[in-house]
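Peer 1: Here's the letter readout for the chains.
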Amino acid sequence: MNTGHYITPDEIIFNAAIFAGDKDYKKIPKGVYVSFIRDAFRELNMDSFFMEQRVDLDMPSNLTIALPVDCFDVKNIYMFSGDICNVNNSKKVWWKRNYFTKGGDGYIANDKGINNDDPFYPSRPGGIKEDKSLIRWDDRTDLNNTLYYNIQMGNIMFSSSCRAAGAKIHIHYSGTGGNIIDAPIIPIYFKDAIEDFVVESALRIRVANEPSEIRNLSPLLQMYSGRLDKNGMNGSWHKAAQRVRSMNTSQREELKEYLGRGAWVRGF
Amino acid sequence: MATDRLRIIVDEVLVTIKQTFDDKIVSQAQAAQWVIFVGNRLLSQHISKRDSGQFLNIFVDVPVSVATTSSNPNIVKGRKYVELPANIFDFNMDSGVEYIAYYNPDENCSPEAYKKTIQRTSPSDLQWLNLNDLTKPSPKAPYWYRAGDYLYIVGIESVPVKFLEMGVYMTINPLEEIDIDQPFNFPQELLEVLKRQVVDLARFSFLFPGNDRSNDGDDTASDNSRPVGKTQSVNDPNAAQ
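Top line first, the protein sequences correspond to chains A and B.
Read in our numbering, the first sequence has 33 at position 33, and its numbers run on one by one without any break.
Read in our numbering, the second sequence has 129 at position 129, and its numbers run on one by one without any break.
Next comes chain A alone, as it looks inside the complex (with noise of 0.2 Å):
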């Protein structure tokens, strides 16, 4: 699904507050929400990979580049030249198993093309030089222009071969949402999931920290576990996570119709 509402913090925390029994903030300041509030929306992405993100980098010396902070699933990385609006010979890089370097020359890899005497990893006649790509072996291919990235640690790691591909990384990702304090970045059908997992959370404050009201806080933070039902299939968490799943229903008639064909020819 898509929408184009998105709402604020503020609109939770208005419902949230007054749920978890502190309108006024005085049993729990402001803030608390607030982070409460981007906690379930990062897991809430992660569940769901509702946040995709975009973002162009230059290629490094040395071959190496942070992910976006707010990335935990890359789901593609392509090389290009000029710039973002004028986008020229761009290239799908792809991903090599075990690859390392460190910007100079060579690399550590598995499978570098040429593996003298590997019981496992043959070697191939193409691949003299350098740069071999894990993906497959083709005579007709110059293996030493395939991109290629692997990531460790936080860091994607490319081919030398990118160098040449452009000066430009372009990086499409999933991202957690990032650091939401006043902008409305929280998709409607994310609302009663977020609401729900910020009251838990202050009740489950609550509880802590006033053992006096034990006895009134235990029933509603029962209520309001169920009402999310987190590791469950039958709360606000799991049903914002399908929706944001489920195709718009132009999507779904029209795969219908690409599908319903029996062939792309012309006349039929």
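Derived by calculation from the structure, the hints in this document are not laboratory data.
There could be a bad hint or two in this list.
Here are the simulated distance ranges between beta carbons [unchecked claim]:
(1) Gln222/A / Gln28/B: 50 to 60 Å
(2) Ser70/B / Cys85/A: 55 to 65 Å
(3) Ser70/B / Ser61/A: 50 to 60 Å
(4) Leu131/B / Glu210/A: 36 to 46 Å
(5) Asp51/B / His172/A: 44 to 54 Å
(6) Asp125/B / Phe14/A: 40 to 50 Å
(7) Leu56/B / Ile18/A: 15 to 25 Å
(8) Gln222/A / Ala29/B: 51 to 61 Å
Listed next, the in silico EDC-like pairs over lysine to aspartate or glutamate satisfying Cα-Cα at most 16 Å (straight line) [to be verified]:
(9) Lys23/A / Glu98/B
(10) Lys26/A / Asp133/B
(11) Lys26/A / Asp94/B
(12) Lys30/A / Asp133/B
(13) Lys27/A / Glu98/B
(14) Lys116/B / Asp61/B
(15) Lys91/A / Asp56/A
(16) Lys23/A / Glu11/A
(17) Lys140/B / Asp10/A
Keep in mind it's a predicted model, so treat the numbers as computed, not measured.
Backbone N, C-alpha and C define an ideal beta-carbon position, used for all residues, glycine too.
Fit chain B to the given chain A structure using the hints.
Peer 2: Only chain B this time, still in chain A's reference frame:
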């Protein structure tokens, strides 16, 4: 709102305990003191139980100060603070202060309904709040904590706030300051309880015989002259035994 003056309540108590003659042993000031003692307790219980603005007192333009030198106890050099404008009830979590707020006149955002509320905390809680960028003290998230009669404000160190507005729940003024001919702001439905408990306090003081306190060189004290309070059962008289 018209309420009884303190003088009327005190006189009523004096009449009840028959202390209206010239040589009375309970003075008007003493009875007024008893009314203040009991009144403070009843008033604090009343405010705690009710969500009402009847006893909220708002002070505006409370000056913000920065101490130039430290002085024990409670004055710390370099920190912004305000002094409590009145004696307040010491409720749980400093709830004797209902709110503290400021607004920046440069923002031209009056009315004051849009003011920034400063939240209550404690020095030890501040360590915890500092761990998160969203709760860390800042002009967007200012806090106050109480140290005696001073309320320290954190988070607005770099903001030129000169005055604050605050709402507090005041205790009844002490005897030296109170004007017994001014309206006595007290829950009307508790006046009967107030009178009963003040009279009880008076009866308690009568338990101590006066002649024991005069030194005449002889043992003239007698237990027979000591008034004894009536013993009241706490059981329901209608309940079957």
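Peer 1: Which numbered conditions among the earlier hints are violated in the structure presented, ordered from lowest to highest?
Peer 2: Hint check: 4, 6, 10 fail, others pass.
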